[in-house]
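Enquirer: Start from the sequences and build out the full structure, keeping to the hints where you can.
2 protein chains.
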Amino acid sequence: MKPQVVQGTRDFSPQEVMRRNYIFDTLKHLFLIYGYQPLETPAMENLDTLTGKYGEEGDQLLFKILNNGDFLTQLKPEKLDSYQNLEVDKSDRKKVLQKERIAQQIAFDLCKRGLRFDLTVPFARYVVMNRNEISLPFKRQQIQAVWRGDSPQKGRYREFYQCDIDVVGSDSLLYEAELMQIYDQAFYQLNLGVKIRINHRKLLEGIAEAVQKKELFVPMTISLDKLDKIGWNGVGNELSQLGFSTEDIDFLQNLLSTKNWEQIKLKFSKENSSAQKGLKEIDEVLAYLKSYRFQNRFEVDLTLARGLSYYTGCIFEVEVDTQLEGQSEVKMGSIGGGGRYDNLTGIFGWEGISGVGISFGADRIYDVLLQLDKFQKAEKAVGDVILLPMDKDCISYAFELAHFFRKAEIKTEVYPEASKFQKQMKYADKLGFPFAIIIGTEEIQSGLLTLKDMASGTQYKMSKEDILKKLGLN
Amino acid sequence: MKPQVVQGTRDFSPQEVMRRNYIFDTLKHLFLIYGYQPLETPAMENLDTLTGKYGEEGDQLLFKILNNGDFLTQLKPEKLDSYQNLEVDKSDRKKVLQKERIAQQIAFDLCKRGLRFDLTVPFARYVVMNRNEISLPFKRQQIQAVWRGDSPQKGRYREFYQCDIDVVGSDSLLYEAELMQIYDQAFYQLNLGVKIRINHRKLLEGIAEAVQKKELFVPMTISLDKLDKIGWNGVGNELSQLGFSTEDIDFLQNLLSTKNWEQIKLKFSKENSSAQKGLKEIDEVLAYLKSYRFQNRFEVDLTLARGLSYYTGCIFEVEVDTQLEGQSEVKMGSIGGGGRYDNLTGIFGWEGISGVGISFGADRIYDVLLQLDKFQKAEKAVGDVILLPMDKDCISYAFELAHFFRKAEIKTEVYPEASKFQKQMKYADKLGFPFAIIIGTEEIQSGLLTLKDMASGTQYKMSKEDILKKLGLN
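Each protein sequence line maps, in turn, to chains A and B. Under this note's numbering, the first residue of the first sequence carries the number 122, and numbering increases by one thereafter. Under this note's numbering, the first residue of the second sequence carries the number 122, and numbering increases by one thereafter.
If you are wondering where the hints come from, they were derived from the structure by calculation, not from laboratory data. Among the clues, some could well be false.
Said to hold, decoys possible - Chain A is faced by these chain B residues, among others (derived, beta-carbon under 8 Å):
id : residue
1  : Pro135
2  : Thr162
3  : Leu407
4  : Tyr409
5  : Val535
6  : Thr571
What the hints assert, rightly or not - Chain B residues, not near chain A, derived (Cβ > 10 Å throughout):
id : residue
7  : Asp239
8  : Ser366
9  : Lys380
10 : Gly454
Glycine included, every Cβ here is placed at the ideal spot set by N, Cα and C.
Expert: Shown next as structure tokens:
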């Protein structure tokens with residue numbers, strides 16, 4: 122039998138683990154400096170915690186877990202009868218359909234748990250369950266895997282990692298400013314130039330209101346969001362089909378091509394209460410950030426639309442700054458996003474808790490850093506040096522020498538047998554050790570070991586103390 | 122609705138996460154220094170990878186995942202007919218049983234994936250799948266959650282973490298020695314005194330052979346393993362019931378009370394080939410470790426028996442050294458174990474690959490360290506300082522000051538509103554900040570801020586630069 126990995130999931134090789142941890146560790150530490158406390162929740166949640174939270178489509182993508190143990194006590198006689206009653210139809214096709222429904226029903230009745238679909242619902246559950254211990258505002262970071270039964274394709278996995286920070290229990294806009302700062306610092310530390318955009322749901326509503334198309338707010342914003350891809354020709358066509366007049370479209374084009382924030386503000390009437398609320402809140406966020414010097418591009422973008430069924434205030438999105446990174450291939454779309462939402466915990470009966478949060482798209486960030494060759498700072502999985510014993514009597518010496526190096530935090534390997542020199546060298550080379558130490562009887566007696574630079578092939582005769590100094594500097 | 126965590130699983134609070142990461146990070150780093158490369162595999166494996174690997178009992182504890190998508194195409198008509206044919210019996214009880222069997226059958230037919238049960242089988246799968254890329258010997262570390270459908274009880278969870286290192290592809294006993302050194306170093310770094318015991322499967326076989334009871338090797342070792350708990354009276358009774366004579370039991374008692382390794386070796390005849398093989402291999406391991414100074418107790422223990430259906434060579438076990446830690450309550454049993462096994466990858470068709478490995482019982486180690494109050498070195502989740510703005514105009518100043526501290530790696534929080542002083546202090550206190558900085562208009566103008574030591578209540582007037590110095594020293 123040929124074993125396989127589950128479709129849509131991945132093994133992470135040592136080098137991948139080290140590089141992923143470089144991203145995660147950078148973010149975790151930064152989040153901690155900003156007061157976001159780490160939380161971890163179980164992979165499994167009760168299905169009644171998960172279902173109904175992600176829409177019908179989401180529910181269908183939930184991975185359900187078959188209950189363990191005694192099926193008989195789980196399936197009550199009434200249930201069994203109800204399955205029986207489903208089997209009424211006689212035509213062949215319908216019989217199959219009926220049985221399929223029975224099978225599905227039985228299977229569902231035998232599943233009361235599922236794998237978490239995101240980190241937000243488990244977080245809300247945690248907050249509600251621990252409401253008496255938690256002090257609000259509560260800031261948490263969470264980096265864990267989630268599972269979705271989507272059909273796998275390039276860049277879309279059934280197991281992938283989410284990396285979220287959220288504050289709940291305060292509607293202070295200070296947090297919006299803080300989160301923008303964190304995006305900026307995070308990508309600065311990861312050495313990736315990005316563009317951070319901010320918008321506000323109410324401002325999008327206000328734009329629709331400005332052209333008396335409040336009822337078309339959602340399709341309008343979805344269309345505006347495509348501006349980057351299809352340009353004003355495309356967007357204009359779409360809007361016109363939605364019922365926007367030429368004047369409306371001209372107004373929108375003029376508004377959205379205005380880049381100066383003060384001028385944007387002047388384009389909305391004082392009576393447009395949605396717009397004014399959005400403008401005022403963005404203004405406050407900008408005021409907090411006035412003296413902060415962004416390392417990345419940061420801008421208000423009225424075309425930005427995301428999570429409109431979910432976010433109620435500011436919305437954010439981050440993408441690679443292709444002007445800065447200068448790589449046309451790096452078209453990864455969004456590598457982060459978030460916003461303010463009301464009532465996170467309402468789904469579990471605790472109403473009126475406002476929150477704001479952002480995520481980092483770990484898989485995409487990984488891909489981008491790899492493409493741009495930006496993992497120099499990631500710790501390497503491969504060792505610093507390998508000790509090669511030339512005959513059997515040298516193995517013990519090599520083992521003791523390894524301890525000498527390891528104590529000094531040098532990643533050290535010992536070839537475990539006195540195999541042929543060529544075989545040992547081949548192993549050292551294939552694993553990518555930068556240095557090898559060749560240990561023979563003569564070397565042990567003289568105390569002068571042979572250090573080989575694997576890349577250049579150069580050999581040095583050195584004492585173990587001198588080798589330690591040299592390795593410590595690498 | 123009152124949300125709940127799945128029975129047998131746990132949320133990890135910020136402090137718990139930090140402490141668990143202290144353990145994991147200590148181990149991960151040590152493993153890396155010793156050349157064990159990190160591997161991560163997906164939570165889900167195909168059921169044909171998992172089933173048949175853990176015995177019948179294990180198979181029943183596997184969490185199976187319901188397939189997503191179209192049930193109809195998954196359940197072929199022949200299958201549906203076979204379910205139908207199961208429904209033959211008419212008596213009520215039997216009808217229920219039949220239906221339960223149908224339900225179970227249907228459910229199983231609808232599951233082709235399961236959650237990983239341990240880290241060993243996924244590791245074996247990885248090695249076989251990547252046999253062309255991997256160089257042997259291959260050393261890997263893996264720290265991930267596993268899931269088992271056991272009935273939850275104190276200290277037994279349905280989701281728990283395993284922490285394993287293994288070398289495959291070499292039968293060199295150097296690795297046995299290396300693993301003993303790693304156990305010693307790991308618990309030394311975690312500041313926990315332990316007793317590390319080693320034994321050999323062949324030596325246990327040799328003991329049975331020495332009293333001509335080879336066929337009773339397994340029940341004999343299971344009985345000897347209880348010596349700690351039930352003493353020689355209990356063990357003697359058990360052995361006598363198994364058919365051991367008084368002379369046999371005397372021989373065993375004499376053998377096992379001999380603590381000197383050289384004397385132990387003399388008690389076996391040269392013809393006892395099992396014993397001689399075990400003695401020779403342990404001898405070689407001890408020789409490698411001759412010049413290594415253990416920080417913990419390390420001993421050969423002929424009563425140690427574990428994983429006899431699995432291990433073929435040396436076996437190891439670690440427990441808290443109650444003499445050192447002096448706590449009679451710390452009776453946690455084994456906090457680590459392992460051994461050499463043949464043919465890890467044989468289950469996936471790659472025969473003859475020997476391996477040796479050890480695990481760390483992360484949950485138990487956590488519990489022990491907590492009980493013994495040994496988490497001093499773990500980083501704290503709580504911040505270093507919180508900034509308290511006394512009126513609305515001070516919030517921006519506080520936000521900028523926070524950035525000043527955060528740039529210097531001080532974990533900093535800002536209270537996000539100009540709430541009443543008492544409310545802010547209560548928050549600062551409940552979250553456990555060691556310091557608060559009170560920021561009013563006067564403080565901003567003078568540049569002298571009020572730093573409050575939360576434990577003592579002492580207040581200092583200091584510049585932000587002086588505060589930074591003071592906080593940096595804590």
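Enquirer: Of all the hints given earlier, name the ones this structure violates by number, lowest first.
Expert: The structure conflicts with hints 3, 6, although it agrees with all the remaining ones.
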